[in-house]
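Enquirer: Residue numbers (our numbering), protein chains in the order written: chain A, -6 to 277; chain B, 99 to 463; chain C, -19 to 244.
Calculated directly from the structure, the hints in this document are not laboratory data.
All clues stand as given, with none of them false.
Derived pair list, reagent style DSS-like, types lysine-lysine, alpha-carbon separation capped at 27 Å:
(1) C/74 / A/264
(2) C/74 / A/-4
(3) B/125 / A/-4
(4) A/-4 / B/208
(5) A/-4 / B/257
Given next are the chains, with one letter for each unit.
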Amino acid sequence: MSKRPFLIPFLVPAILVAVIFLAALAEILQYSFREFIPGSLDVGGFTLDNFARIYRPVYFKAVVNTFVLSLATAFFTLILSYPIAFALVRTKVEWVRTLLILLSITPLFTGEIVRTYAWMLVLGTNGFLNTMLLDIGIISEPVTFMYTRAGVVIALVQFAMPVMIIILATAISHINTDYEKAAANLGARPWTVITRVVIPLTMPGIISGFIVIFAWTMSAFATPQLIGGGKVLMISNAIYLQGFSALNFPFAATLSVIALISAFASLALMKLIANRLERQTAIH
Amino acid sequence: MNISNSGHSVDIVEVTKTFANVTAVHKVSLNIRKGEFMTLLGPSGCGKTTLLNMVAGFETQTSGAIQIDGKDISDVPPYMRETGMVFQSYALFPHMNVFDNIAFGLRMRKLPAREIKAEVERALDMMKLSGMEGRRVRQLSGGQQQRIALARAIVIRPKVLLLDEPLSALDKNLRLQMQVELKELHQKTGLTTIFVTHDQGEALSLSDRVVVMSRGEVQQVSAPIELYTQPANGFVASFIGEINALPKARCQKSGQDFRFEVCPEISLNGRQPARQELKDGQMVHIFIRPEHIEIAGPRHNGANIVKGNVAAHIYQGTHTQTRVNVPGIGLVELRTKGAAAIDQAPLGSEIALSVPLDEAVILPA
Amino acid sequence: MWRQTLFWVIVSCILFYMTIPAIVVVMTSFNPGEILSFPPNGFSLRWYEKALTYPDFRIAFRTGLIVALISSTLALVIGTSFAFLVVRYVFPGKNLLEGILSSPLIIPHFTTGFGFLLLGAHLNLNQTLTIIIMTHVVLVLPFVARAVYVSLLNIDPNFERSAANLGASPFMVLSRITVPLIIPGMAGGWLVAAILSLTEFSASLYVTASRTQTLPVAMYNYIREYTDPTVAAVSALLIIATMLILMLANHFLGLRKILAIDSH
Ligand SMILES: Nc1ncnc2c1ncn2[C@@H]1O[C@H](COP(=O)(O)OP(=O)(O)OP(=O)(O)O)[C@@H](O)[C@H]1O
Ligand SMILES: [Mg+2]
Chain A
-6 MSKRPFLIPF LVPAILVAVI FLAALAEILQ YSFREFIPGS LDVGGFTLDN FARIYRPVYF
54 KAVVNTFVLS LATAFFTLIL SYPIAFALVR TKVEWVRTLL ILLSITPLFT GEIVRTYAWM
114 LVLGTNGFLN TMLLDIGIIS EPVTFMYTRA GVVIALVQFA MPVMIIILAT AISHINTDYE
174 KAAANLGARP WTVITRVVIP LTMPGIISGF IVIFAWTMSA FATPQLIGGG KVLMISNAIY
234 LQGFSALNFP FAATLSVIAL ISAFASLALM KLIANRLERQ TAIH
Chain B
99 MNISNSGHSV DIVEVTKTFA NVTAVHKVSL NIRKGEFMTL LGPSGCGKTT LLNMVAGFET
159 QTSGAIQIDG KDISDVPPYM RETGMVFQSY ALFPHMNVFD NIAFGLRMRK LPAREIKAEV
219 ERALDMMKLS GMEGRRVRQL SGGQQQRIAL ARAIVIRPKV LLLDEPLSAL DKNLRLQMQV
279 ELKELHQKTG LTTIFVTHDQ GEALSLSDRV VVMSRGEVQQ VSAPIELYTQ PANGFVASFI
339 GEINALPKAR CQKSGQDFRF EVCPEISLNG RQPARQELKD GQMVHIFIRP EHIEIAGPRH
399 NGANIVKGNV AAHIYQGTHT QTRVNVPGIG LVELRTKGAA AIDQAPLGSE IALSVPLDEA
459 VILPA
Chain C
-19 MWRQTLFWVI VSCILFYMTI PAIVVVMTSF NPGEILSFPP NGFSLRWYEK ALTYPDFRIA
41 FRTGLIVALI SSTLALVIGT SFAFLVVRYV FPGKNLLEGI LSSPLIIPHF TTGFGFLLLG
101 AHLNLNQTLT IIIMTHVVLV LPFVARAVYV SLLNIDPNFE RSAANLGASP FMVLSRITVP
161 LIIPGMAGGW LVAAILSLTE FSASLYVTAS RTQTLPVAMY NYIREYTDPT VAAVSALLII
221 ATMLILMLAN HFLGLRKILA IDSH
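Let the sequences and hints guide you as you build the complete structure.
Expert: Below, the structure written as structure tokens:
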């Protein structure tokens, strides 16, 4: 009688999925070293040319752009999500809690396309926002949100928020409210309690939320594609351009490899910084 | 339920269990007789649960053998061992009601539904739980959950009943009541029982024999009275009940009489202890229980009297525990009836104590 | 008191920002004209009619539903058994396998999609349902495994030991004790997986063709070609359906539990 009777039957499907997934990634790697034959979907022999090509400013810029947009999105998402998460955990009114959770989680499940399309309606030249601002009289002619980085970030932040809210709410709900009571009892004002007790205690949640959103934004595609409209180019859009307009699969594969490497490298970097931060703020 | 003649013996032979780098159980050998109520007693982490888990088959021993009725069961998987275990947390299945919980083991044995119903009802009746069949287990009190866990374990007519601190989650009154019920249950069923606890009161009052364990090793296996009056070593002496450990003393033998020099100023007289043959000049440890020390009065004839200052009184209702600082020995505790000692010997006052060695435990150092 | 008021004003503003796109989509979907205008100059259901009768959307919705049901169910089976292994067993390569299977959370969807496009070409499964389902299983598997993993951690291992002690074979323990106790986690994981699959876009764009496109891909193609509010009508329907499903899930399973937000 085996001690682990389910090991083999349960392991086989998981391994199968892992192998298929690795095979897909291996295909990308393999293509990135192949020669592009213009006008054909077949690829040529081994070459390193694709990697030489990524030093061109346009691709380099896409990499930097991706990094900057992801940082900005993670930052604003954090700022806007914290109050919601706090309200969600601490409200004592059941319907408020339910409303908050429904409103803040729904965007997570409507998908990239619905959300992006909705923001196109809001941010367009004749869109909701411009019409409102013109009506109120704050502006005298439409502001350009579409095809700008600001527009892309505005949309990206909104759909990064649900994930951030979940992470922060979990962290906040794990703080014992006695700490806050003790701080208040010792004479700390509400704002001081927040900055000196609540935020430090939720630091691990803040850090992991920031990293998750950063990674999540690096893989955004529909939003920069539609709202950036080719003017705001992230790596994802460059790959799509190469793959589907130029039909240059080898170079698209090379850019994918770069995307993967930069995703993992920046995650590793952030983890490193996070560990430092966490050690400084650790309260145990 | 008539399972009184179904007792089985359990033998644990030189069993050792090592986790990564901790030896949880070390060379433990025990023979548990048919129908015996055997208790494993010891401080937290001494390996009681690990030993029980090995009997139930949840852990495999690193070496040694476990036998039921003389047959090695090491290769028998847990679900074929026929042991009935009650967990400290009860582990009642939360997605089943009371009836389904108790019936679970019988269903696994594929008994006909009618028989299962009858058995479960009998078990419920025995545990005074009739009428609770349909209840969800979450809605029950601690004592009721405890009884259901017991009913679930005994209804399968196990060869041995394994109880891992089953009473520790209950409050004090309920625990005393359940002790009585456990004892009755044992008498009714005659099941060979291994009971784990770190509560010595429980161990002494329930068991036929008690196994005292420390750091994975057996210290002593005895009936409760013997355990209290004749502890085998210093660990058992100080673990069971309260006891004063005097400083190491040198033994001087003269015929049947002994003198123990505790320190240059203090010597105590005694007779040959029951267990050990003492030699002249040997070093010994002397242990004496607080209730055997008295405040010296006219009827004490001057022998075995020591003097000290009262350091504290701890009033405990039926008795008072008094701490006396005796130069050359240190703190000595004695126990006197009622509260008289508090008035008789105020804090700080000098007091003479009679320390008879008749009932002291004297062990070679 | 004013601090409380200020706090709730801020919270309301942020919530407004989060919900405004949905509100605008719904408003737009009832707009009678082809050109978007605010506020709408009337009320019409013509875009709903167009959305529901537009063949591309109908076919794409059906395809997407089939893909979502199959891939989330496959992910449920594979993810549940894998989570069980992770929680209960020790075996060589466990961490590696865990790392590989959870990496789709970090690896951009378009990379995964591109990889499966190339793999599909290699295996002659180019843009077939098979390769789309494979892609979606890989993408949603971490969510199911995670949900089941949390449920498994929350059950007392003594339940399983106790069942074995009472005579239940490993298979019986699994089917009578373990699975019933993690059913809520499995249901939550399956639901999340199904919704994510239904709405997945970036990877699907790579692995689907016009015959096999899923709804988000069909919507994307429509947006690039036309500017009328038909997509607004589809979006409005999706948003409302999502909200309803979430409300039901909240009622029956508790969203806080599925999302593991729980105060103590
Ligand atoms: N699975 C395990 N892995 C590693 N060490 C373990 C494991 N189980 C128990 N131990 C160790 O073995 C020793 C004995 O543990 P055990 O649970 O048997 O003690 P116990 O006597 O039942 O204690 P308690 O009274 O606290 O229940 C302890 O040091 C414990 O840390
Ligand atoms: Mg224990």
